[in-house]
Amino acid sequence: MKSKILTTPISNEDLETLTIGDIVYLTGYLITSRDDVHQRLIKQHKPLPIDLAGRAIFHAGPIMQEIEGQPGKYRVISIGPTTSMRMEKYQKEFIRQTGLKLIVGKGGMGPDTAGACREYKAIHAVFPGGCAVLAANCVEEVEKVEWLDLGMPEAMWVMRVREFGPLIVSIDTSGNNLFENNKKAFNIKKDELVEEICRHVDYLQ
Amino acid sequence: MNTAEQLEKFIDIMARFTVYTGKYLPDDVYAKLQDLREKEDAALATIVYDAMFEDLRLAHELDRPLCQDTGVIQYFVQVGSRFPLLDHIENALVEAVKKATRLGPLRHNAVEVFEEKNTGNNVGKRIPWIDWELVPDSDEATIYVYMAGGGCSLPGIARVLMPLEGYEGVVKLVFDQVTSYGINACPPLLIGIGIAGSVEVAAKLSKKALLRPIGSQNSNPRGAELEALIEAGLNAIKIGPGGLGGENSVMGVHIEEAARHPATIAAALSTGCWAHRRGVIKIKADMEYQIISHQGVVL
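As given, the protein sequences belong to chains A and B, one line each in that order. Here the working numbering is used: the first residue of the first sequence is 1219, the next is one more, and so on. Here the working numbering is used: the first residue of the second sequence is 127, the next is one more, and so on.
One or more of the hints may lead you astray.
The calculated PhoX-like cross-link candidates involving lysine-lysine, where the alpha carbons are at most 20 Å apart (straight line), are [unchecked claim]:
no. : chain 1 : residue 1 : chain 2 : residue 2
1   : B       : Lys364    : A       : Lys1402
2   : A       : Lys1261   : B       : Lys243
3   : A       : Lys1264   : B       : Lys243
4   : B       : Lys364    : A       : Lys1401
5   : B       : Lys298    : A       : Lys1401
6   : A       : Lys1222   : A       : Lys1264
7   : B       : Lys334    : B       : Lys408
Calculated from the structure, these hints are not laboratory results.
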């Protein structure tokens, strides 16, 4: 298990030495993009208001608070990752169109995303789920917000972060998929365990 | 105190208790997480548990919601038939949610169906969701606040099984769902299972099962046995914190049941994440309160 700091703009070379299970930290730009942002770009073909090339997106819907006396300026209260699998439907195309290099989220993603990570040299990494104040503490500034009409959780919040992490690499640039590997192992055990439990629950008369 | 004064006090207590529930885990959940953390020594599991406890510490220090997803607020109300504000509870809880959203601050999580607009104050059609139980011959109210994030609501499922699928069918449903969707739902999970005759009863009971304190058992010996079997089985899968592998998978398994129809076994699953924000407060007729879920806390 290696540990390193990635700084935006991230290059392919920065990512190619990383493998699943490695720990990374991010310094630079991190931009929230979740369900509605993915659907606006890929399904509705609306151009993104922010260039994501070489940057990192965060599957997250934060609690933001407008700073008193500074209209339009926000500070982050709480910002943990959301379930990445929800974005699987559009993630591959989103990676292709934007040139993003790092997806930060929670839990695993599927084969389409893993394929896109291999083809376009990007990675998916997880921030520990629920640890939203820990994450907020790594944010230096909320620079701006776009598409706020989508509401607080779905808007694109543009943040500068410093050593944001720990991020556990779950899909690497070879397309290896940590959660898919785990799932296979869990499912093998599951079948034996269910069979064993079912021997004890014949409660019908 | 006249009714208006009582109402003002009730709204204030419930707003502040709702905010509190988003910032501090209940005693039983905190203790269980400590217990599970001590059993881990794998590298990734240790990193995740360290992050969780650091997050709890920072939430306390900075006075912030410990998880950004403060849920669509649900209240489970056990109200005495002689509680003085019985007529006003529903409106009062709506006001409490609006106030809590400002005070917290809580994330805006109520999206109106069809309009597809976030209301911006956590109040919407039938939201906050209120579940009622009327308690005869009592002048008190016991209210559960529950904040379920979207992540741990995703594994929710309810199905009506044919009786010959038996309790085996219930076990399979739970294991299939936990090893697929459950991995992404911020484990270690609390597992709530409802068994009944129809789908809505089972679903509601599965959620109520999550309100029981960790360590409690089903009142039926077979129910308690099934809880223990499923808990041991899920733990043996070793899903670990965050789904990254570890010594355990769950904080507990709770089953609640209602008598079923001879021709159906309805089974439902609700899951709670490690950040299981469940608060329980008892409010007396004079508006004095006692917090049950977080011992010794005064708002």
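Now for the hints, and whether the structure bears them out:
1. Lys364/B with Lys1402/A: Roughly 12 Å separates the two Cα atoms, so the pair holds.
2. Lys1261/A with Lys243/B: Given that 20 Å is the threshold and the Cα spacing comes to 19 Å, the pair holds.
3. Lys1264/A with Lys243/B: Holds: lysine 1264/A and lysine 243/B sit about 19 Å apart, inside 20 Å.
4. Lys364/B with Lys1401/A: 11 Å, holds
5. Lys298/B with Lys1401/A: Given pair lysine 298/B, lysine 1401/A holds - Cα atoms ~16 Å apart, limit 20 Å.
6. Lys1222/A with Lys1264/A: 35 Å, violated
7. Lys334/B with Lys408/B: 17 Å, holds
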